[in-house]
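Novice: Read off the chains here:
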Amino acid sequence: MASTTPLLSVRDLVIKFNLRGQVLTAIRGASLDLYEGETLAIVGESGSGKSVFTKSFLGMLDQNGWVDSGSIMFEGKDIAGYKSQDEWRRIRGKKISMVFQDPMTALNPLRTIGKQIEEVLELHQGLSGKHATLAAIDILSKVGIPDAQTRHKQYPHEFSGGMRQRVVIAIAMACKPKILICDEPTTALDVTIQAQILDLIRALQSDFGFTTIYITHDLGVVANVADRVAVMYAGQIIEQGTVEELFYDPRHPYSWALLSSLPQLGIKHEALYAIKGTPPNLFNPVQGDAFAPRNPNALNIDFLLEPPDFSVSPTHTVRSWLLDGRAPRLEPPPAIKALKAKYERSEQ
Amino acid sequence: MSDALLTVDKLRVEFGSSAKKRFTAVKDVSFEIMKGETFGLVGESGSGKTTIGRSIVRINELSSGRILWKGKQISGTISKELDREVVQKIQMIFQDPMASLNERAKVDYIVSEGLYNIGGFANEAERKAKVEKALLEVGLLPEFASRFPHEFSGGQRQRIGIARALIMEPELLVADEPISALDVSIRAQVLNLLSELQKKNGLTYLFIAHDLSVVRFITDRIAVINKGDIVELAETEELFEHPLHPYTKALLSAIPVPDPRQEKRKKIRIYDPACHDYSKEGPSWQEAAPGHYVLGNAAELARYREEIAGAHAAP
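As you go down the protein sequences, you meet chains A and B in turn.
Going by the working numbering, the letters in the first sequence line up with residues 14 to 361, in that order.
Going by the working numbering, the letters in the second sequence line up with residues 11 to 325, in that order.
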C-alpha cells in the first residue's frame, strides 16, 4: 500500500508554547513520514503531544504556540513556515482536514447541519445557493445519514451522538481532502456505534482514496484500523512500525509497558503491569531518555544522553538505548510474549 | 439464597412527573450481589446502569420494587439507624475525578466529609489518624491531606475518591465507571489498587462500566443491561464464552481487541430488537444453564439451551 515518496514528511519538528511566561516544549524533535493511502495511528497518553503534533499540520496551534524549528513538507512546500491565515486556508479543510473527538461540541448548535457543510463548500469550492445545498445532501448520504433530503435542514440536537459524528465526518470530507486526521473520533461514543464509525471511515477511505491519521489512546482501535503505528511519549515518537511489528514485536520499554498494562492482555486475579510515576514535566529540559525515570530497567546512559533512532527493519524504528549493540539483552514482559506466541501460532 | 449482601428485586425507576412525560429508565430489574464478589453491570449509555447504582445508594427514588441489604429493606422510607448503616456501608466511587472532588476543600476535609456526617470519630486526633490510614491505603502520602485537589494528577485524584469511600469502612463499593476517564497506564494502577483493597478488606464491588474488556478482567459475574432491561446474567467467563442473547453477542463482537490479526478478521454483529418475536409470548427472566440467566420467551429459551448444550459438548 505504501508508495516510496511520502505525501507528508515531518522532520525534527520542535513546537513550543508560552504559558504564563514559562516556555513548554511540547514536541521535542519528532520526525514522521506519511504515505499515500495508508492509515497511520498515533498513540500516546494525554500530554504526550499527539494532538499538538497533528494540529501543526493544519496551522491550528493555539495562539501561544509556535513551530520553533523543523519542517513539514506537503506537496513540495514547507508548511511549517506558514504564518498567515490566507496560506493556511489553502490547506486546512481543503487538503488536510480534521474530525474532532466530541461531536457534541464540534458542531454549531445554532445552524442547521446542511448550512454547516455548505459553509465549507462555499469557502473552498466556490459553490453557492442550490449547488451547495445539493452537494451537501450528497455528502450527507455518503456518510450514511438516511433521508438526507430532510435531515440537512435539521439542527445538531436532533441527531444522536453517532449521527452527529457522521455529520462531523461529512464536514471534514466535504472538499475531498488528501489527508483526514481523526482525533479520538470514537472516544465519546458507545462501543457498538464506535464500530460503525470506524467502518464508515474505512469505507470512505477506499471510495475517496484519502490518507488517514488516527490519534488515539485505545490500542484496540489501533489494532482495528491502522496499517502503521507511531507511539509518542513526552513529545517524541519513540517507536514506529507496521501494526504487526508494534503489537507482536514491540521493542521500546514504553511500548511494552503500554501494551502490558491493558486489562485485555492481563491474567485474571493477578496484578496488571502498571507504569510507575508520571510523564516528565516539559517545562524543564529533559536529559537523556524521557522515559528513563519510569523504566525499571533503565541503563545509566538513559539518564545522560538522548538515544537516537535505531532501525529494527526498514519499517520499524525505535528510540531507545536498549537497541544499541552494547546494551544488555532484555526479555519483553510476559503479556508481550504471550501476544507474540499467539501470533506465531496463527502463522503456522 | 441466604448469603446475598444486596438484593435488587423488581427494581423500577421512572422519571418525569406526568403520565405523558414518563420515561422508564429501569424496568423491573432483579439481581443479587454475593458477599466478596465483584459484580459487573454493563451497558451502553442510556441503558440505566448508572440509575441502578444511584438507586442502591439511595440517590434515586424507586417507582416500584425493593432493594434489600442483608435481607433488610433499604428502599423507600426506612428507620434512621438503618439509613445510617446504609450510608456508611455502601459507598460510591465516581467516574470523573476531575469533577467529583470539591475544588475549594483540602484533601483532609474531602476524605473525612463522610465521617463528619455520621459522627464517625470521637476526637480530632482519631479523625486525623483515620484520614492518614485511608490515604496510605490508596497509596498516597499522609502529607497530601493539606493540599487541594488541583495539585494532583487524574490518577491521584481518583485515589482520593477511593480514600473518601474507604474511610467509612464500607462493605459494598459501587464503582461507576471508575477508570474510563483515566489514561491507559493509570487505569492499570487503579484496577490493581481496587483488587488489592478487595483482598485486604474483604470488599464487595458493584462495578458499573461500558468497557467489556475491563469488566472481564475484574468481575466474577456480569449482568448485561439494555434499555432498562437486564438481558443476560452469568459468570464472567461463561458470558464471554457462551453469550446467548443477541444483544450480548452484538456488544461482545464490537469490543476492539489489541491484536491486529484478530481485529482485522472480526465480524461485527448488529443488534436488531426486531429479531425477537414477542407477538405471541413476551419474554421472561429464565435460567438457561446453572447460574446463566437470560431474558427470552419459551421458544428462544429452547434455542438458547440447545446452543449451550452444543457448545459444552464440542469444546
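Hints in this document: simulated from the structure, not taken from any laboratory.
Some hints here could point you the wrong way.
What the hints assert, rightly or not - A few chain B residues that face chain A, going by a derived Cβ cut-off under 7 Å, partial list only:
1) 135
2) 195
3) 266
To be verified - Here are the in silico distance ranges between beta carbons for each label pair:
4) B/316 / A/118: 19 to 29 Å
5) A/351 / B/279: 39 to 49 Å
6) B/323 / A/118: 50 to 60 Å
7) B/292 / A/353: 28 to 38 Å
8) A/154 / B/76: 34 to 44 Å
9) A/327 / B/282: 11 to 21 Å
10) B/282 / A/81: 51 to 61 Å
11) A/341 / B/115: 23 to 33 Å
12) A/118 / B/279: 44 to 54 Å
Here the structure is a predicted model, which means the values were calculated and not measured.
Ideal Cβ positions, reconstructed from N, Cα and C, are used throughout, including at glycine.
Novice: State for each hint whether it applies.
Specialist: Checked hints:
Because the smallest distance between the Cβ of residue 135 of chain B and any Cβ of chain A comes to about 33 Å, over 7 Å, the interface hint for this residue is violated. With 7 Å as the threshold, the beta carbon of residue 195 of chain B comes within range of chain A, its nearest partner Cβ sitting at about 4 Å, so the hint holds. For residue 266 of chain B, the suggested interface contact is upheld, since its CB lies about 3 Å from the closest CB of chain A, less than 7 Å. Taking 19 to 29 Å as the suggested C-beta distance range, the pair residue 316 of chain B and residue 118 of chain A does not conform, at roughly 48 Å.
Checking the proposed 39 to 49 Å range against residue 351 of chain A and residue 279 of chain B shows it is violated: the Cβ atoms sit about 27 Å from each other. A C-beta distance of roughly 52 Å is found between residue 323 of chain B and residue 118 of chain A, which places it inside the suggested range of 50 to 60 Å. Range check, residue 292 of chain B to residue 353 of chain A: Cβ separation about 50 Å, and the 28 to 38 Å hint is violated. Between residue 154 of chain A and residue 76 of chain B the Cβ separation comes to about 50 Å, which falls outside the hinted range of 34 to 44 Å.
Distance hint check: the CB atoms of residue 327 of chain A and residue 282 of chain B are about 46 Å apart, inconsistent with the given range 11 to 21 Å. Checked against the given bound of 51 to 61 Å, the beta carbons of residue 282 of chain B and residue 81 of chain A, roughly 54 Å apart, stay inside it. For residue 341 of chain A and residue 115 of chain B, the Cβ-Cβ distance of about 49 Å falls outside the hinted range of 23 to 33 Å, so the restraint is violated. As the Cβ distance of residue 118 of chain A to residue 279 of chain B is approximately 31 Å, the hint placing it in 44 to 54 Å is violated.
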